[in-house]
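Asks: Chains as they are written, first to last, in this note's numbering: chain A, 1 to 554; chain B, 1 to 179.
If you are wondering where the hints come from, they were derived from the structure by calculation, not from laboratory data.
Take these hints with a grain of salt, some might be off.
What the hints assert, rightly or not - With a straight-line cut-off of 30 Å between C-alpha atoms, the simulated DSSO-like cross-links for lysine-lysine are:
(1) B:175 - A:266
(2) A:190 - A:290
(3) A:269 - B:175
(4) B:116 - A:269
(5) B:62 - B:3
Stated by the list, open to error - Chain A side only, calculated, beta carbon under 8 Å to chain B, not exhaustive:
(6) 5
(7) 7
(8) 11
(9) 18
(10) 151
(11) 155
(12) 156
(13) 157
(14) 158
(15) 160
(16) 238
(17) 243
(18) 244
(19) 273
(20) 279
(21) 285
Claimed, not checked - Just a few of them, taken from the derived set where beta-carbon distance is under 10 Å, the chain B residues facing chain A:
(22) 54
(23) 98
(24) 108
(25) 131
(26) 135
(27) 160
(28) 164
Heads up, the beta-carbon is just placed ideally off N, CA and C, and yes, glycines get one too.
Listed below, chain by chain, are the residues.
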Amino acid sequence: MYRYDATDKQILSERVTQFRDQTKRFLAGELSDNEFLPLRLQNGLYIQRLAPMLRVAVPYGLYNSTQMRQLAHIARHYDKGYAHVSTRQNFQFNWPHLEDVPDILADLAQVDMHAIQTSGNCVRNITTDQYAGVAADEIEDPRPWCELLRQWSTFHPEFALLPRKFKIAVCATRDDRAAFQFHDIGVELKHDSSGQTQFDIYAGGGLGRTPVIAQLIRADLPWQHLLTYIEAILRVYNMHGNRENKFKARIKILVRALGVEAFREKVEKEWDYLRGGENTLDSAAVDYVKRHFVAPDYEQLDDSSANRELASQRMESPEFGRWLDKNIHAHRQPGYAVVNLALKPTGISPGDISDSQMDQVADLADEYSFGEMRNTHNQNIVFADVKKSDLYALWQALTGLRLATPNLGYLSDPICCPGGDYCALANAKSIPIAEAIQRKFDDIDYLYDLGPIDLNISGCMNACGHHHVGQIGILGVDKKGQEFYQVSLGGNMGREAAIAKILGPSFAQDEIPAVIEKILDTFVELREAEEHFLDTYKRVGIDPFKERVYAKAG
Amino acid sequence: MPKLVKDETIVEDSWTLVDADADYPADAISAGDQLILPLALWQPQREVLLGKANVSVWLGSKQAPALLFGNALDDDSESVEFDINQLPLIAIDFPVFSDGRGYSYARQLRERYAFKGELRAIGDVLRDQMYFYKRCGFNSFAVRSDRDAEVAVAGLRDFSLSYQAARDEATAVIKSRHA
Ligand code: SF4
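Here chain A stands alone, though its shape is the one from the complex (with noise of 0.2 Å):
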């Protein structure tokens, strides 16, 4: 993974500095909350529900077993004990006192960590594909574009006080793990017929409030152009993007205002100007961040005696076996597999690990992953280079931890936001809604026949747990000051993007689980052979669904 060097340790630690004067400067009255806003938020703090929240930035999501350490150290010291992985591959922390910020800073600022830009209207934590570098199916490695544009984002002078929050995603894969059609910019990355790499430029999607598809503004863009090309788009939308509205004020906005083609042509005009400027990259610089993401020191193994060994595992532990199948993705080198941590056991919040857990993740990363993690977007952990021959070894450990639920992808294995329990700008909680599933679904032979499903929970209009892109989605809406929910339908998050459609009338808190359990009951009678829920719904179409939910009884 990426190393700092002593340049990054010095910005970073000037950054420090600089939030410390300016906490200090906050607390002593000489900033007004106003003025604070913006500051504090780029150093990713809230105020939230019940204390401030703060969000560590997990650069694509990768980070190595001493930061784990120290993330645990913090939230043992400095909150309740327990973090939480979100749905942007970040870890938050939901209890720190403003006035221990600045320390919480300096402490991850030792293992090369922050909260830099993780909110705010700037240019967020840059995103990828959870399985980069190790995925069957990538192209090439995301990792080193995204370290770049981080770098790049990272104080960008010109794009530190945008109309809205800025979203970059990497895809670098045919099966996009990264969503990048839903974020303000997706860059996918492809070669050209001569192996060179170059990109596709989309730009306008977003959740939110709309929930937009992005375009495609610029296909095969030469790698060295990456920057200025981003640059441009950013600098059209900074002068042109709504600044009154704070609903449409996001890119996906503009690009329908003016529309894509006009749009792209204000682009290309800016571009001509920065084109060739000095952020153009060249082979050295991409070269430099390059050599952090060489592949680790794999052993040279026999993948068909690994197998074997698992299959007779398998044979004496079906309860391993069913791990093995659900959370076990494949991995390019013999004899290695990548794994999925699952944080959603029933009972805990979604995306929730306490302080002890981190340690022994950590540990165990050590011992069976180079020492290296992932968060990912569903809110789950990934080691990516776990020997086949470690398997059982480590399916034993994350069984003792309670993260070995083999429920990966599945109906109980929901992406789900913090809602009303934490989030000040909630309608609605989320947790209840989540947990209230998993337990009326918690026959897993059930769920497996069910197939993968998407559920993915917001507790408003944020979108934060995704709902616009779940298979089924759930929505906290407020209806004259009660919590309701809204459920819709057909989300699609990966390559063949897609948004859900609205059911229909929204529910009580209550009816939720029987509400899905007639969506589930409609899908299982009509379901052809073993057809994936999202087959059958495109297939049926929403009525269906819609009728047996709102039937009147009797």
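Start from chain A and add chain B with the ligand according to the hints.
Replies: Same frame as chain A, now just chain B with the ligand:
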């Protein structure tokens, strides 16, 4: 005279900022005045005003630099050609500090239009944005009058290194660290 931060030091400001809605015909400007006119006043009189060392212009946060070259206030076609360096100073207004449009305007003025004169940030100009202003090409800062200009100067030095190139002398770390 009000205080101004210019090229990292505090100086007296000799320019007078003319309000957006003021009426100020060109023939009322005397040689002793040093005026920063709003675009709406400056643009219609551009022919007579250009070349005067004591008259400059300021842009509002919704007034992109291209309007300097337009035929009317809503025309950014850049159809009128003139040497922008005839202007001694251009100011950009930040009605609230959190409106970041002026950063892009500054970079355009410096880079696309190659403006070399004084580029001044006016309005809600505060310490914590000074570093960004500077990096986008501003070299003078009319710090909000209720704030200490000395404190604001320190903001110019919040960071000693920058990852990316912008419009100051700093070299981009992305490019330089392996050079
Ligand atoms: S979706 Fe709404 S309730 Fe949930 S975390 Fe985001 S802002 Fe808060």
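Asks: Any of the earlier hints contradicted here, and which numbers?
Replies: 18, 22
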